[in-house]
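Assemble chain P onto chain X, guided by the hints.
There are 2 protein chains.
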Amino acid sequence: MKKLISLFLFLISSIGFSQTVPSKEILESWTDEYWQHGLSLLEEIVKIPNDAVYPEQIEANINWCEEQFSNRNWSSERLETGGIPILLAQKVNPNANKTILFYFHIDGQAVDRSKWNQPDPYQAVLKERDANGEWKTIEIERLENEYNPEWRIFARSTSDDKGPFAMFLTAWDALVEKNSEPDYSIKIILDFEEEQGSPRLPKAVLDYKDKLEADIMLIMDGPRHISNQPTLTYGARGIAEMTLTTYGPRLPQHSGHFGNYAPNPAFLLAQLLASMKDENGRVSIPGYYDGIEFTEKEKAILEAVPDDEQTIQTRLGIGRTDQVGNTYQESIQYPSLNIRGMESAWVGPEARTIVPATALAELDIRLVPESDPERLFSLIRSHIEKQRFQILDHDPSDEERMKYPKIVKLESKISYQAFRTSMESPAGEWLRSAMYRAFEEEPVQIRISGGSIPISPFVDALNIPAVTIPTVNSDNNQHSPNENIRLGNYKEGIQTIMSVLTEPLN
Amino acid sequence: MKKLISLFLFLISSIGFSQTVPSKEILESWTDEYWQHGLSLLEEIVKIPNDAVYPEQIEANINWCEEQFSNRNWSSERLETGGIPILLAQKVNPNANKTILFYFHIDGQAVDRSKWNQPDPYQAVLKERDANGEWKTIEIERLENEYNPEWRIFARSTSDDKGPFAMFLTAWDALVEKNSEPDYSIKIILDFEEEQGSPRLPKAVLDYKDKLEADIMLIMDGPRHISNQPTLTYGARGIAEMTLTTYGPRLPQHSGHFGNYAPNPAFLLAQLLASMKDENGRVSIPGYYDGIEFTEKEKAILEAVPDDEQTIQTRLGIGRTDQVGNTYQESIQYPSLNIRGMESAWVGPEARTIVPATALAELDIRLVPESDPERLFSLIRSHIEKQRFQILDHDPSDEERMKYPKIVKLESKISYQAFRTSMESPAGEWLRSAMYRAFEEEPVQIRISGGSIPISPFVDALNIPAVTIPTVNSDNNQHSPNENIRLGNYKEGIQTIMSVLTEPLN
Numbered sequence: 001m002k003k004l005i006s007l008f009l010f011l012i013s014s015i016g017f018s019q020t021v022p023s024k025e026i027l028e029s030w031t032d033e034y035w036q037h038g039l040s041l042l043e044e045i046v047k048i049p050n051d052a053v054y055p056e057q058i059e060a061n062i063n064w065c066e067e068q069f070s071n072r073n074w075s076s077e078r079l080e081t082g083g084i085p086i087l088l089a090q091k092v093n094p095n096a097n098k099t100i101l102f103y104f105h106i107d108g109q110a111v112d113r114s115k116w117n118q119p120d121p122y123q124a125v126l127k128e129r130d131a132n133g134e135w136k137t138i139e140i141e142r143l144e145n146e147y148n149p150e151w152r153i154f155a156r157s158t159s160d161d162k163g164p165f166a167m168f169l170t171a172w173d174a175l176v177e178k179n180s181e182p183d184y185s186i187k188i189i190l191d192f193e194e195e196q197g198s199p200r201l202p203k204a205v206l207d208y209k210d211k212l213e214a215d216i217m218l219i220m221d222g223p224r225h226i227s228n229q230p231t232l233t234y235g236a237r238g239i240a241e242m243t244l245t246t247y248g249p250r251l252p253q254h255s256g257h258f259g260n261y262a263p264n265p266a267f268l269l270a271q272l273l274a275s276m277k278d279e280n281g282r283v284s285i286p287g288y289y290d291g292i293e294f295t296e297k298e299k300a301i302l303e304a305v306p307d308d309e310q311t312i313q314t315r316l317g318i319g320r321t322d323q324v325g326n327t328y329q330e331s332i333q334y335p336s337l338n339i340r341g342m343e344s345a346w347v348g349p350e351a352r353t354i355v356p357a358t359a360l361a362e363l364d365i366r367l368v369p370e371s372d373p374e375r376l377f378s379l380i381r382s383h384i385e386k387q388r389f390q391i392l393d394h395d396p397s398d399e400e401r402m403k404y405p406k407i408v409k410l411e412s413k414i415s416y417q418a419f420r421t422s423m424e425s426p427a428g429e430w431l432r433s434a435m436y437r438a439f440e441e442e443p444v445q446i447r448i449s450g451g452s453i454p455i456s457p458f459v460d461a462l463n464i465p466a467v468t469i470p471t472v473n474s475d476n477n478q479h480s481p482n483e484n485i486r487l488g489n490y491k492e493g494i495q496t497i498m499s500v501l502t503e504p505l506n
Numbered sequence: 001m002k003k004l005i006s007l008f009l010f011l012i013s014s015i016g017f018s019q020t021v022p023s024k025e026i027l028e029s030w031t032d033e034y035w036q037h038g039l040s041l042l043e044e045i046v047k048i049p050n051d052a053v054y055p056e057q058i059e060a061n062i063n064w065c066e067e068q069f070s071n072r073n074w075s076s077e078r079l080e081t082g083g084i085p086i087l088l089a090q091k092v093n094p095n096a097n098k099t100i101l102f103y104f105h106i107d108g109q110a111v112d113r114s115k116w117n118q119p120d121p122y123q124a125v126l127k128e129r130d131a132n133g134e135w136k137t138i139e140i141e142r143l144e145n146e147y148n149p150e151w152r153i154f155a156r157s158t159s160d161d162k163g164p165f166a167m168f169l170t171a172w173d174a175l176v177e178k179n180s181e182p183d184y185s186i187k188i189i190l191d192f193e194e195e196q197g198s199p200r201l202p203k204a205v206l207d208y209k210d211k212l213e214a215d216i217m218l219i220m221d222g223p224r225h226i227s228n229q230p231t232l233t234y235g236a237r238g239i240a241e242m243t244l245t246t247y248g249p250r251l252p253q254h255s256g257h258f259g260n261y262a263p264n265p266a267f268l269l270a271q272l273l274a275s276m277k278d279e280n281g282r283v284s285i286p287g288y289y290d291g292i293e294f295t296e297k298e299k300a301i302l303e304a305v306p307d308d309e310q311t312i313q314t315r316l317g318i319g320r321t322d323q324v325g326n327t328y329q330e331s332i333q334y335p336s337l338n339i340r341g342m343e344s345a346w347v348g349p350e351a352r353t354i355v356p357a358t359a360l361a362e363l364d365i366r367l368v369p370e371s372d373p374e375r376l377f378s379l380i381r382s383h384i385e386k387q388r389f390q391i392l393d394h395d396p397s398d399e400e401r402m403k404y405p406k407i408v409k410l411e412s413k414i415s416y417q418a419f420r421t422s423m424e425s426p427a428g429e430w431l432r433s434a435m436y437r438a439f440e441e442e443p444v445q446i447r448i449s450g451g452s453i454p455i456s457p458f459v460d461a462l463n464i465p466a467v468t469i470p471t472v473n474s475d476n477n478q479h480s481p482n483e484n485i486r487l488g489n490y491k492e493g494i495q496t497i498m499s500v501l502t503e504p505l506n
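Protein sequences, first through last, are from chains X and P. The numbering of the first sequence is full-length UniProt numbering, which starts it at 1 and goes up by one. The numbering of the second sequence is full-length UniProt numbering, which starts it at 1 and goes up by one.
Chain X with its partners taken away, still in its complex shape (with noise of 0.2 Å):
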């Protein structure tokens, strides 16, 4: 009997599931019956200027938000933290015990107007591609009779990331109105300090901890897989910075005079820097990749990930790669260790014959959840002092010249960690199944993506697993000039978040 009650029960569950989870065709129903009401919100808010280096204009922004929100009846507050605020916003589902906190960011990269092809980078312009593969304004009007998923939007933040966030807004509308409503509560973080690196956003995750209480963390930002096909990333790399600077003579000096007795601060500095790297790119400090490890499943799943490694390097110009893992997935699986700027007196018209006074590395790491920095920062202090450098955290004085035979001033800096979740976890489970409901195709998994996103902060404090959900087009000159969104990605991504929406939690 209990068995019966059980089979019951389940059946019932499941013709309730069926009646009210939408399928690919009623999800793109909906689409085309709302898109254009959702390039009319994308439109409005690419309009209000966004740069977070002038707070008025993130003002304007943080007032049309509100105002969706309270027009949708959800309920928001701005989280203070000193600064730019964060704006929370709530819609509580009585019914649920689940909660989803998404996570947009409404700040633009600054603008150089000189460099747009169109008046104002504020004002969204419609184009398409002509036959030489220049792009060419048409009337925006015509999208009142006409669609072309190829035809873009060009405006700042279309994509990156006001586009999501009116993808979302036109979701929930399409929802509201077909009574579809997600069967959990919903919070929003919205950041307005995204490009400048959220500052203020590690410290009000901790401030306000309770506040941003929720079951499953989703990213709306950054681009799809490169093939454009409807992408899942299950995590990102962390990053941290190093700046190395070696010391020669207290001033620049002849090279006449002193080359051959006072030592080059820009070879010691090249023998520092040699000696971390092998010819193959590999770092080659013993410790540094350990405990990163993949199961057979995990190779399966880097490998499915449909790279084009050979149209990557073209692209590039790059005729080898560095040796870190055997394909592009795999190199990102690991921590970097990167030169991103190198400089020693003067080069070109301005080169001097000197022996120069110093010498210095700007390095970046990548970090992955398998490498804490601390110890990274720890191995590489350990590597230089075996190069019989003394390592110091500020310029030598004259004593510390005499002193130390090798100098290097050592900063460094955590941004902020990696973070990955479980493919294998429920949420990864749970998003695959919304994203195969509305494409009835298995999406591209990128098990962590190479950048950095600052959401490391929520997932430690919240204890949550966290995927970002890619929506827009990865051409889409994020921030450079020209950016833009192609109409396609514009379409499916309000249907992403349909699906997502509309995946039973509770």
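Just so you know, the hints here were simulated from the structure itself, not pulled from any lab data. Take the hints with a grain of salt, since some may be wrong.
Claimed, not checked - Here are the simulated lysine-lysine pairs, DSBU-like style, with alpha carbons at most 30 Å apart:
hint: 1; chain 1: P; residue 1: K406; chain 2: X; residue 2: K386
hint: 2; chain 1: P; residue 1: K209; chain 2: P; residue 2: K91
hint: 3; chain 1: X; residue 1: K98; chain 2: X; residue 2: K47
hint: 4; chain 1: P; residue 1: K386; chain 2: X; residue 2: K406
hint: 5; chain 1: X; residue 1: K386; chain 2: P; residue 2: K386
Stated by the list, open to error - Distance windows between CB atoms, simulated:
hint: 6; chain 1: P; residue 1: T311; chain 2: X; residue 2: E279; range: 40 to 48 Å
hint: 7; chain 1: X; residue 1: L251; chain 2: P; residue 2: D51; range: 44 to 52 Å
hint: 8; chain 1: P; residue 1: I414; chain 2: X; residue 2: E309; range: 40 to 48 Å
hint: 9; chain 1: P; residue 1: P199; chain 2: X; residue 2: K386; range: 45 to 53 Å
hint: 10; chain 1: X; residue 1: E279; chain 2: P; residue 2: M402; range: 12 to 20 Å
hint: 11; chain 1: P; residue 1: P349; chain 2: X; residue 2: D32; range: 47 to 55 Å
hint: 12; chain 1: X; residue 1: G133; chain 2: P; residue 2: M402; range: 17 to 25 Å
hint: 13; chain 1: X; residue 1: H254; chain 2: P; residue 2: R129; range: 52 to 60 Å
hint: 14; chain 1: X; residue 1: T311; chain 2: P; residue 2: S397; range: 56 to 64 Å
hint: 15; chain 1: X; residue 1: D395; chain 2: P; residue 2: V53; range: 31 to 39 Å
Since we're looking at a predicted model, the values are computed, not measured. By construction, the Cβ of each residue, glycine as well, lies at the ideal position given by its N, Cα and C atoms.
Frame of chain X, contents of chain P only:
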């Protein structure tokens, strides 16, 4: 009988010499008589701005010099070079069969007026040091009745190199009035583009080889040994330059997306440079130092130079020196390999999280007579090839990028070669005899100077010994604001030139 006549002639000539060759005391008294005249000449010539970037400034200087020679019944002619000419002046002694060629340069370094502690860098100012070590202006008229060897005249080119030319004219004027003209003919070459690297000089020397013919060349430029004792310098290192560029991705790439994948050009450059020198600053390319050996006598001469190495190191702020030679003097007997500048992408506040597209090092190589620069370049090239770099003379094409795993662009230039006159040569002995007579002490003898001067074209084309007679104080701020000459050096410089001009040569 023949022997007796020889003896008689020898005695006559010896007596003749002892009568006409002035002693230290006589030279000092003549100097005391003429140094104020000398300072008027100096004040007059430094008044004419002499930055060779402006040919009209140089024209005024040439005119002044031509007038000086003409007033003294010297012939002079402009040797045309296609640009700023060289001035050749001559005073033929009809009884002489030997000729000495003097070299001076009349152009000066550019001036940044804002950094000079006087209203006009071309208006000579007299200064004395106050109790705090600061230079304070005093009335130049005081020189009419007063003399203090520590006082200094401040103005551009007082030391480098109009000062020595004014000393020469002064010495000449005194000797003519004292009926003590040299027993040899004199040629003077005035270079008006030395601070520009004398770009037209090497060709002009070849073009006018016959006119320049002489037996000894004396270079009247540069500072005395730091001890400020009378100095003779028997040569100067030459100089060659090399620029190395390594390549990463065609354009800078996001270090998150491509750190561990796109080879980093700064690491490649560091590895290449590190392979060229050991930890002690010695070039590790086999053969680089070949052919350099000192006899015991030469070693003794190097050791006799009164360098205080501890003082030099403290002044430079270095706790150790490169181990190329055992002493400072030994170190400059070898060719150098110096990184004078290095650059890759951006550092400091400009630093971006990228894999740079290129990295570049500027090197200079100081040459010694044993190190033919073509041989050194060839050693360096084969060393680079052994590091498995493909050497190009241009930025790589797309095809070359894909073909060669490691590429370096190598650009090189030989500015001019070294020269070194044997200290044991007759010219060396003749000069030491003159210097000893002037000061009754042995001069400091520098086998070769670390820095470079454009003299090898003369030495090579005319096949004559060349020696530098530096006269000015080493702390003269040459090439910097507030250039000056110490009065004691100005007087001793006149005395030095008198002794050389009165030293019997025929």
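Subject >> List of violated hint numbers, smallest to largest >> reply: Per hint list: 3, 7, 13 and 14 violated.
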